[in-house]
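Participant: Each chain, written out:
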Amino acid sequence: MNKTIRIASGQGFWGDLVDAPYHQVTRGPIDYLMMDFLAEVTMSIMQKQKLRNPELGYARDLPGQMGRILPHIIDRNIKVITNGGGVNPFACRDAIFREAKRQGITGLKIGVVDGDDILDRIEELLAAGIELRNMESGEPISTVRERIVSANVYFGAFPIVEALRQGAQIVITGRTTDTGLTLAPMIHEFGWASDDWDNMAAGTVAGHILECGGQSSGGNYLGDWKSVPDLAHIGFPIAEASPDGTFVITKHENTGGLVSVPTVKEQLLYEIGDPQEYITPDCVADFTSIRLHPDGENRVRVTDVKGRPDTPFYKVSAAYQDGYSAFGSLTYAWPDALEKARVADQILRTRLSDLGLEFDEILTEFVGHDSCFGPLASVPEEINEVVLRIGVRGKNKDHITRFGQELAPLILTGPPSVTGFAGGRPKPSEVIAYWPALIPKTAVTPHVVVEEN
Amino acid sequence: MATKRIRLIEIAHARSGDKGDAGNIGVIARDERFYPILLQELTLDSVKKHFEGICFGKVERFELPNLGALNFILHNTLGGGGTVSLKNDAQGKTLSSAMLRMEIEIDESLLDS
Chain A
1 MNKTIRIASG
11 QGFWGDLVDA
21 PYHQVTRGPI
31 DYLMMDFLAE
41 VTMSIMQKQK
51 LRNPELGYAR
61 DLPGQMGRIL
71 PHIIDRNIKV
81 ITNGGGVNPF
91 ACRDAIFREA
101 KRQGITGLKI
111 GVVDGDDILD
121 RIEELLAAGI
131 ELRNMESGEP
141 ISTVRERIVS
151 ANVYFGAFPI
161 VEALRQGAQI
171 VITGRTTDTG
181 LTLAPMIHEF
191 GWASDDWDNM
201 AAGTVAGHIL
211 ECGGQSSGGN
221 YLGDWKSVPD
231 LAHIGFPIAE
241 ASPDGTFVIT
251 KHENTGGLVS
261 VPTVKEQLLY
271 EIGDPQEYIT
281 PDCVADFTSI
291 RLHPDGENRV
301 RVTDVKGRPD
311 TPFYKVSAAY
321 QDGYSAFGSL
331 TYAWPDALEK
341 ARVADQILRT
351 RLSDLGLEFD
361 EILTEFVGHD
371 SCFGPLASVP
381 EEINEVVLRI
391 GVRGKNKDHI
401 TRFGQELAPL
411 ILTGPPSVTG
421 FAGGRPKPSE
431 VIAYWPALIP
441 KTAVTPHVVV
451 EEN
Chain B
1 MATKRIRLIE
11 IAHARSGDKG
21 DAGNIGVIAR
31 DERFYPILLQ
41 ELTLDSVKKH
51 FEGICFGKVE
61 RFELPNLGAL
71 NFILHNTLGG
81 GGTVSLKNDA
91 QGKTLSSAML
101 RMEIEIDESL
111 LDS
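Quick note, the sequences are listed as chains A and B, same order. To convert, note that position 194 of the first sequence is 194 in the numbering used here; the numbers rise steadily by one, no gaps. To convert, note that position 66 of the second sequence is 66 in the numbering used here; the numbers rise steadily by one, no gaps.
To be clear, the hints were calculated from the coordinates, so they are not data collected in a lab. Incorrect hints may have been included.
Said to hold, decoys possible - Across the chosen pairs, the derived CB separations fall in these ranges: (1) R291(A) x T43(B): 48 to 58 angstroms; (2) D31(B) x T303(A): 34 to 44 angstroms; (3) D224(A) x E103(B): 36 to 46 angstroms; (4) E32(B) x L51(A): 45 to 55 angstroms; (5) R61(B) x A377(A): 22 to 32 angstroms; (6) P36(B) x K397(A): 24 to 34 angstroms; (7) G374(A) x E108(B): 49 to 59 angstroms; (8) S378(A) x E108(B): 39 to 49 angstroms.
Glycine included, C-beta positions come from ideal geometry on N, C-alpha and C.
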């Protein structure tokens with residue numbers, strides 16, 4: 001068996017380039033399109049949308065994006081795998097079925113993976129002695145029980161593999177690992193066994209390279225960013241996978257961006273911890289085993305990936321309401337721009353204090369001077385302008401609202417040459433905090449449904 | 001042996017991101033001959049000192065000799081993490097650049113070859 005399959009990345013987060021999936025499908029050959037929509041707190045945003053409207057709670061860009069590519073993927077038998085189903089994958093599926101119907105398409109098979117949403121099961125789990133302790137603080141989830149807004153288990157590749165086995169052309173999941181979206185088609189096509197740890201790890205590494213979209217094909221590339229051609233038309237990455245677990249990262253011809261050993265290295269190191277312990281539901285991948293080889297223009301070959309058995313746990317991503325925050329900013333111009341901004345900050349803080357307002361934190365940053373580098377920022381002799389940026393966070397919503405009323409008055413009652421207050425008063429927004437935890441794999445079961453319209 | 005004081009960016013590139021309230025910074029040697037310099041210069045102590053006033057927790061370092069790279073985890077660095085943090089860079093995206101500003105001593109002959 002020498003066949004290779006081409007798995008294309010079509011989305012790196014909810015809010016990525018809307019047309020990227022269309023371009024991946026139409027600008028060259030691919031067999032699978034994977035689209036990652038979910039960041040750590042995306043599920044909590046979707047859960048809130050679902051509360052307001054039971055028909056929502058998924059990536060709302062997705063039905064439109066799918067509608068546009070449907071004729072192409074059917075024509076060329078391209079399969080699409082995405083976790084954009086969020087907390088309402090069945091509603092997402094139905095929206096795509098409606099798109100299909102509108103276009104007169106029938107016989108479309110869509111698979112749904114759910115069972116990851118444990119928001120309604122927390123009492124039951126707690127009663128069974130599963131405490132869902134915070135992986136960072138060690139506290140049990142019962143301490144924030146009343147304020148939890150979402151709780152989802154990260155499933156791996158195998159529920160998707162099951163949906164593909166049942167003939168699904170599109171697989172919509174809830175909280176699936178980003179890497180599982182890419183590993184699944186390799187398992188399905190190559191018949192890899194679930195304990196084939198090196199291949200599980202190889203597909204996982206490919207998934208890690210694809211999961212952030214253009215970030216492995218020249219986007220956000222720090223190595224030599226000026227050398228990256230035509231970012232306006234960046235081609236998203238594609239993995240050309242082989243049954244032996246090796247793969248090539250590339251992109252469509254005649255697209256912008258750059259796939260090179262350094263661009264792939266940067267993505268491999270993105271948001272990892274211990275490189276020998278990259279833990280997923282499917283395996284533990286060892287990033288210190290990976291070998292990269294230049295393989296022609298915009299092609300990088302990846303070999304030698306090693307893996308070890310999976311752990312007995314799934315990761316849980318929960319989110320809870322944790323007070324309110326608001327942000328405001330004002331722009332100060334030369335002369336003495338930075339000094340004026342500092343004085344304005346002190347005046348504002350004095351007024352907030354005089355009012356007896358209580359905050360958990362007030363943070364002032366001077367954008368244009370130190371918001372990225374803090375104490376590492378160098379102090380220039382003369383600065384043209386600087387943005388005073390103030391954020392407050394606290395439990396009392398009224399106090400946060402009052403902060404918003406105190407910012408604009410600085411224009412007429414503070415240091416001169418100030419502008420940039422166009423957005424109106426800063427308003428309080430809910431702070432949703434992240435609660436990472438582990439759950440025994442035996443406590444949850446993925447659920448796979450494949451239906452045809 | 002003549003040495004020269006350079007910024008890390010001359011011999012390395014980097015990418016950073018968030019893991020809760022911790023930042024991760026992957027530092028990659030621009031050429032394999034620079035990897036031993038990264039190993040030598042980017043110690044737990046030198047990195048902790050460089051990020052004084054930014055990183056308020058412990059620093060961890062992991063080696064990836066296969067990629068000529070080091071991965072650092074800077075704990076208690078992002079003002080509470082992603083959605084809680086009030087920082088402009090709540091996700092630590094520019095920690096990579098902050099790291100590359102570090103000044104190091106390097107054997108001048110290494111830069112020429």
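Participant: A separate judgement is required for each hint: does it hold in the structure or not?
Facilitator: Verification of the supplied hints:
1. At about 27 angstroms, the beta-carbon gap between R291(A) and T43(B) misses the expected band of 48 to 58 angstroms.
2. In this structure the supplied range 34 to 44 angstroms is violated for D31(B) paired with T303(A), their Cβ-Cβ distance being about 21 angstroms.
3. For the pair D224(A) and E103(B), the supplied restraint of 36 to 46 angstroms is violated, since their beta-carbon distance comes to about 21 angstroms.
4. For E32(B) paired with L51(A), a C-beta distance near 54 angstroms keeps the hint of 45 to 55 angstroms intact.
5. Hint check: R61(B) to A377(A), Cβ distance near 25 angstroms, so the stated range 22 to 32 angstroms holds.
6. The hinted range of 24 to 34 angstroms is not satisfied by P36(B) and K397(A), whose Cβ atoms lie roughly 55 angstroms apart.
7. For the hinted restraint 49 to 59 angstroms between G374(A) and E108(B), the CB-CB distance of approximately 31 angstroms leaves it violated.
8. Evaluation of the 39 to 49 angstroms hint for S378(A) and E108(B) yields a failure: the beta carbon distance comes to about 25 angstroms.
Checked against the numbered hints given earlier, the structure breaks hints 1, 2, 3, 6, 7, 8 and satisfies all the rest.
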